[in-house]
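Participant: What follows is each chain in one-letter form.
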Amino acid sequence: DAKTTQPPSMDCAEGRAANLPCNHSTISGNEYVYWYRQIHSQGPQYIIHGLKNNETNEMASLIITEDRKSSTLILPHATLRDTAVYYCIVQGFYGNKLVFGAGTILRVKS
Amino acid sequence: NAGVTQTPKFQVLKTGQSMTLQCAQDMNHEYMSWYRQDPGMGLRLIHYSVGAGITDQGEVPNGYNVSRSTTEDFPLRLLSAAPSQTSVYFCASSYSIRSDTDTQYFGPGTRLTVL
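If you read the sequences in order, they're chains S and C.
No gaps in the numbering here: position 33 of the first sequence is 33 in this note's numbering, and each next residue is one more.
In short: position in the second sequence from 1, add 110, done, that's this note's numbering.
Please keep in mind that the hints were generated in silico from the structure rather than gathered at the bench.
One should not assume that every hint holds.
[Said to hold, decoys possible] Simulated coverage check for chain C against chain S, where a stretch passes if three residues somewhere in it have a Cβ under 8 Å from a Cβ of chain S:
#	segment
1	175 to 185
2	213 to 222
[As the list claims (entries may be wrong)] Where chain C lies over chain S, by a calculated footprint (3+ residues, C-beta under 8 Å):
#	segment
3	38 to 49
4	100 to 106
Note that CB positions come from ideal geometry on N, CA and C, so glycine has one too.
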């Protein structure tokens, strides 16, 4: 599975959009981009995933560049409860053996 | 559904002791796995199972044993605890191993300290 690169930390004002970037320049054609988050040492929580197209669900939006070498997770209206470590993971079609990096610590501030 | 449950929540062991971390899920998921998370780091895969009777090693399997006799349960056994096994252990499950449709559900974790 391809490696990912994320900034170690980011700050965001409460109520504003949080845009979390992820580079995955060695991603191959059948690999998916997954985002999970971990709030204060709880178990990781699935957020969203995609292959080529942009995706949106009730939690977030995922924007994948046309060359698929990078992506951005967007939390449209961040709240204090969104403060967490966010992990960007690239995974093959048959997998579920998630490889976690260090992730991005997102701090939402009032 | 209770989802993925883990027991105990906290455990302190002495070096050389053995114990079993319990994991259960009530979602009829075929795939189950164990991860460990050391302070300030991401999770690392220990062992996984794609169905009852089938297990395989992950990235850091040494010092741990698993078995999968039922779909619901996936216990993790520490054979002879060492201080290097001090960590938080997470169990996860998913319906299948397909990445296009299935995501993993994680339990709340077991915090293990080995003295």
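Participant: Of the numbered hints stated earlier in the document, which are not met by this structure?
Facilitator: 1
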